[in-house]
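Chains A and B, in that order, are what the protein sequence lines are.
Per my numbering, residue 587 is the first one in the first sequence, and the count goes up by one each step.
Per my numbering, residue 81 is the first one in the second sequence, and the count goes up by one each step.
Misleading hints may appear alongside valid ones.
Said to hold, decoys possible - Computed footprint of chain A on chain B; a stretch qualifies when at least three of its residues, placed anywhere within it, have a C-beta under 8 Å from a C-beta of chain A:
| hint | segment |
| --- | --- |
| 1 | 184 to 190 |
| 2 | 307 to 314 |
Claimed, not checked - Listing some non-contacts, in silico: residues in chain A with all C-beta distances to chain B over 10 Å:
| hint | residue |
| --- | --- |
| 3 | E628 |
| 4 | V660 |
| 5 | T686 |
| 6 | W760 |
| 7 | P841 |
Claimed, not checked - Which chain A residues stay away from chain B? Per the calculated CB distances, all over 12 Å, these:
| hint | residue |
| --- | --- |
| 8 | F667 |
| 9 | N704 |
| 10 | A785 |
Quick caveat, the hints were computed from the structure, so don't treat them as lab data.
Small disclaimer: the values here were computed from a predicted structure and weren't measured.
Beta carbons: idealized from backbone N, C-alpha and C, even for Gly.
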Amino acid sequence: MFLILPAATVMVGAFKGAHGGYTFDNVTQIVQTANIRNAFWESIRISLVTAFLGGLLGLLIAYAAIRKGTPGWVRSAFGTFSGVAANFGGIPLAFAFIATLGTIGIVTQFINSVFGINIYEHGFAIWSRNGVELVYLYFQIPLMILVIAPAIDGLRAEWSEASSNLGASRFQYWRHIGMPVLLPSILGAVILLFGNSFAAYATAYSLTSGTGLPLVPILIGNDLAGNVFSNPHEGQALAFGMFFVLAVMMLFYIPMQRRASRWAK
Amino acid sequence: MRKPRIAPSAVVWLVLGAAYFLIPLVATLLFSLKNPQTGKCCSLSAYGEIMHDPQFWATIKVSFRLALETIAVGLLLFVPTIYWVHLKLPRLRPVVGFMALVPFVIPPIILVVGLLKFYKDTLHAPFWFLGKPDLFLVGAMVILAFPYIYFSLDAGFRAIDVHTLTEASRGLGASWPATLGRVILPNIRVAALSGAFLTLAIVLGEFTIASLSAFHTFPTYLQQINEDKAYPAAAATLMSFGITWAAMLSILLVGRRGGQRTVRVGIGR
């Protein structure tokens with residue numbers, strides 16, 4: 587079939603890469619070399635932070651937009667915008683933030699002229715870890731809204747009414763009904779968000795100009811382009827390492843997805 | 081019962097969310113309107129500079145051509161395949177669905193390593209293949225677009241009765257190509273269109289593979305001017321946002337008219 591061929595090429599490529607000539611040396615290199623270990627740690631850390639923050643904020647915003655009382659147009663505005671913003675990213679997104687919070691960005695200069703504070707003298711930089719996290723949230727939050735909205739929609743009004751008729755408080759409702767139903771969807775979505783930012787290359791590359799923050803995708807990019815340490819085998823080993831992390835992620839994601847669909851109509 | 085009022089905490093979160101989403105867009109707009117010489121507001125010269133840059137037109141043309149080719153190849157490949165799976169091999173549906181998740185585990189940055197390694201070192205592909213964006217890059221883009229095309233089309237096929245339509249058409253003496261082209265295709269038009277617009281947005285934003293295999297597309301041009309011309313870069317960034325907006329809104333409009341919705345997830349970063 588046509589579908590298998592490209593996918594298989596990729597799989598073969600990934601494995602060929604990892605074992606190309608040197609077999610295990612490249613893979614063990616990941617664990618042994620300090621700067622590679624560091625890059626994986628840095629990547630995983632940023633992904634965890636943006637997945638949790640993005641998940642939490644996305645959940646709160648999605649719930650605020652969907653809950654009873656919010657006008658319908660607000661809801662559809664956020665829904666539409668999320669659909670678009672989750673697909674932003676890459677070079678344009680990075681530049682939008684450079685124009686906003688870069689050294690001569692609009693907001694940076696605004697804060698400087700109004701409050702007299704230069705945020706760059708207080709430890710903020712758009713190419714630092716916090717800067718990258720802030721930018722990643724711009725596509726993480728909309729993705730969370732997009733993924734979690736159907737699950738929130740699935741919370742039926744009858745459940746909330748039934749529980750309050752039986753004398754439960756709002757807290758008890760969330761503790762015993764809302765959260766248990768939503769939890770698999772939330773966890774699944776957070777795992778998806780983790781993978782989403784773990785794999786991001788273009789945004790980080792553009793923000794940090796390919797140096798600065800050592801993230802795994804950026805190291806791979808450097809190896810391929812031969813900028814800093816042109817070591818093709820290292821690049822392949824790194825790609826294999828990333829593949830491994832993402833594959834483990836999928837192993838958690840699929841059962842979550844299955845559980846989450848249990849309450850779907 | 082009185083009309084429920086909007087909850088105060090909801091207002092707080094919605095306003096915060098809206099501010100976070102809108103501020104970078106507004107800031108980029110203001111930035112692009114600055115005068116490159118004086119740094120003061122407001123001048124359209126950054127837009128003029130972009131418009132007069134032949135590189136801008138050249139790369140945007142390349143990116144659009146690649147997008148159209150990817151859409152054509154993707155639809156030609158996947159419409160018949162998914163049709164066949166729905167019609168004859170429904171047991172394979174979960175398998176294909178699983179394969180559509182594979183590109184999420186193998187993001188562009190890994191894909192490009194695998195592709196370059198495979199075609200350059202293993203197959204020793206000739207330069208006329210590797211050096212042409214239309215061949216090498218479109219191949220990669222089709223893989224990247226596969227999940228989005230697949231999920232759009234799958235939803236479209238699920239919404240129609242493939243069996244009845246096919247039997248009716250075949251029973252009236254139509255050939256297979258006629259059945260596919262004149263009966264099935266018009267019924268999944270909305271799904272195919274939304275897959276196509278999504279692919280357009282993906283290809284126009286794809287940086288990783290294009291840059292690492294040394295092609296010049298619109299995103300690599302954008303990155304290049306980001307580094308040396310700040311104000312025109314803001315103008316080009318806004319145009320790029322505009323294209324993404326247009327593609328995504330077209331999906332929504334097409335989908336609304338067709339009365340169906342498809343779920344999309346993030347891409348191209």
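Hint by hint, here is what the structure shows:
1. 184 to 190: holds (count 7)
2. 307 to 314: It holds: at least three residues are needed, and the segment 307 to 314 of chain B offers 4 whose Cβ sits within less than 8 Å of chain A.
3. E628: holds, 15 Å
4. V660: Per Cβ check, A:V660 is inside 10 Å of chain B; nearest 6 Å; violated.
5. T686: violated, 4 Å
6. W760: holds, 14 Å
7. P841: Given a closest Cβ separation of 13 Å, the condition holds.
8. F667: violated, 6 Å
9. N704: holds, 17 Å
10. A785: Per Cβ check, A:A785 is inside 12 Å of chain B; nearest 3 Å; violated.
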